[in-house]
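2 protein chains.
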Amino acid sequence: MKIKKVIIIGAGFGGLASAKELKSVNFDVTVIDKTNHHLFQPLLYQVATAALSPEDIAIPIRAILAKQSNTKVIMDEVMSIDKEKSIIKLKNSEMTFDYLIIATGASHSYFGNEKWEKYAPGLKTLVDALTIRENIISALELAEKETDLVKKKKYLTFVIVGGGPTGVELAGAIAEIAKKTIIKDYKNFQAYDTKIILIEALPKILNTFQESLSKHAQEDLNKMGVDIMLNTKVLDINENGVKLSNGFIETANIIWAAGNVASPIIKTLNIKTDNSLRVFVESDCSIPNYPNIFVIGDVANLKDQNGNILPGIAPVAIQQGKYVGRIIAAETLKENRKPFRYIDKGTMAAIGKANAVAQIKGLKFSGYFAWLMWSFIHIAYLISFRNRFRVMVEWIWYYFTNKHGIRLIIRK
Amino acid sequence: MKIKKVIIIGAGFGGLASAKELKSVNFDVTVIDKTNHHLFQPLLYQVATAALSPEDIAIPIRAILAKQSNTKVIMDEVMSIDKEKSIIKLKNSEMTFDYLIIATGASHSYFGNEKWEKYAPGLKTLVDALTIRENIISALELAEKETDLVKKKKYLTFVIVGGGPTGVELAGAIAEIAKKTIIKDYKNFQAYDTKIILIEALPKILNTFQESLSKHAQEDLNKMGVDIMLNTKVLDINENGVKLSNGFIETANIIWAAGNVASPIIKTLNIKTDNSLRVFVESDCSIPNYPNIFVIGDVANLKDQNGNILPGIAPVAIQQGKYVGRIIAAETLKENRKPFRYIDKGTMAAIGKANAVAQIKGLKFSGYFAWLMWSFIHIAYLISFRNRFRVMVEWIWYYFTNKHGIRLIIRK
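The listed protein sequences correspond, in order, to chains L and P.
Under the numbering used here, the first residue of the first sequence carries the number -9, and numbering increases by one thereafter.
Under the numbering used here, the first residue of the second sequence carries the number -9, and numbering increases by one thereafter.
Mixed in with the good hints there might be a few duds.
Each pair may be met inside one copy or between any two copies, as identical chains are not told apart.
[To be verified] Below are the DSSO-like pairs computed for lysine-lysine, each with C-alpha atoms no more than 30 Å apart in a straight line: (1) K10 / K(-5); (2) K354 / K174; (3) K81 / K177; (4) K293 / K335; (5) K351 / K79; (6) K24 / K114; (7) K105 / K81; (8) K73 / K213; (9) K24 / K213; (10) K75 / K135; (11) K144 / K75; (12) K73 / K177; (13) K114 / K393; (14) K81 / K13; (15) K142 / K170; (16) K62 / K170; (17) K174 / K(-5); (18) K57 / K354; (19) K13 / K169.
Hints were generated in silico from the structure; no laboratory data involved.
Here chain L stands alone, though its shape is the one from the complex (with noise of 0.2 Å):
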């Protein structure tokens, strides 16, 4: 009997929990990445704020399926999928499937302004994370030998645009850098010469989030020397700043933590999207008409029990991961397969050193305690030991000294 081929595409956590799920089936399963590393997106912020490495939360793809000896792992882009000839097309090359898992996920959308990108990076990968760590990093440089008082302040200005769990963890973490830690090795501004500035178009903060703690995220952030603006549209951005529909704001420190829009690679799918270029799959997470073809993650768009699109963060994506992963291994005919359940366990964000909030199963948490309780879940659920060990000894350090270690400039 041929042997089946098994493809997945994208090693975030949805591939990855798939992958993990083949180990044992007599497949042949090769898993596409276009980088060489599993990433840990829930801690990228702390990257670009110079509180982590990249090596604290990226590890080879390789390594982490170095012993699963039906797997192999290719570092590769795919350019199309063809959906009727059940195959993929890579830079330089070609292969078939028996299955396919697309779990690409998403990158950040300017809504149809792209050059926007070049004032305002977004945050997704590793290579954005650096880009705004020494973005930050230079703007405090260049503040430092500016004579010229508007120039200096324009360094010294941060806007983050949109107030989900991102940008509200990057306002709060560069409100930590500027007001209180890396600002003291700077001789010639103060603490009270930079500015925090957090956008966000409705009317609250951590919009899915209960009223009470995104109340509770907003009042600390103002007491962390964020400024607030709600009810906030981003008209424009430039080299100068950026344009609301409220006024403009002088800033060379904008960051984009605003909308989401799947990986491109979809369209090549011909099929029906959302808005977001979000697949519209089956309660199998299959597409129509292709019950071998599974789309999971930040690309999927599919409704939980209450009529709400799953949203697109890690939890979804490994739950979509394993099931899918355990359907494929099963060889699940289509009319035996059960809907996809996801189990939902919570949402958290951290607002700034030992001060978190989080819902869980109806309950909320504020404060030390909800701080606690996200250092411990993100330890938790980083892939290696070894990686596990680099954060906490990282946060501990941190807690007791207040000394951001990563801040170099390192890029051209």
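For chain L, the structure is supplied; the task is to place chain P on it using the hints.
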């Protein structure tokens, strides 16, 4: 009385040693560097070979000097030095000085063949190290998916040009990766498919070491799988490989560890230099006719008591930095300055895991004990407790697991 201005260009070993020597004088000290970090260059080859992270061996200059209240740190590039007018020109400004210390270091020289750099990067900065690291890991990734056996061999052939300490350390470390450690994670080639070649123009490697040590290093590298080609000159380097005085090696991976040239800023001094652009300094490290301008470290050409030019290594730079710092702090007049005397504390080179060669005050060491000494000395000389701790943890981890943790491909 007007406060005297001291400018230090370069925050390597020499510049930093000078700055620290000036910490309690009532001068206005400015340290200028192109980057924002002090780099512990002796371990840079370990960043290039996925054993350490950039953060382990680099530390913001600003953080090192934060508590030195008379000292400012500026990240900028010095474009020219006007010795007559006591002015240095930066990118967008200029500064005057009463004392100037030039400690800008060297970069790699291709002896007039600058076009080779594209195919054979050198190892002087963190950018260089990350470039080399990503080239090595990418070559293995390309080999894994290559079906053409000739191309595959090209990806799996690593050539290091230059058999000095850097070349030897790189060759040993790459042999460990390609023959023992990382290789295990690949499924489409074996250790015997990889080739590591060290090329040296002279009749022996580690030319500044005693005969028996250089022989020891050569034998051990051979055992590790490194082919050493002595008396071999590089005639050309291109995208296909390297043309030698005795043949052509097809390879996609060439690293240049063969020559040094002083920083180009030296040219603007309009002063006598050697072939490597090093300044012929007087016995007090000052330049002729300018007792207030000093040149130290890799950019200085100064002979020791035996008439040998002092080598471009950290201990020379540190001792010269301290020496010059003391002259300036005391404002010692030219005629009262005792000549600089280098105290040779020895030389060492690591060959691989648990193996090194060292010669210290006429004594020779090799093998495990030399490697222990090498490890302790390198950790002791790292600047901060934090970096010492980080490097030690990485080394202990590697010692027991044989796993290289830092093998991400990040840069675009």
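Violated constraints from the hint list, given by number and in increasing order: 2, 5, 8, 9, 11, 18
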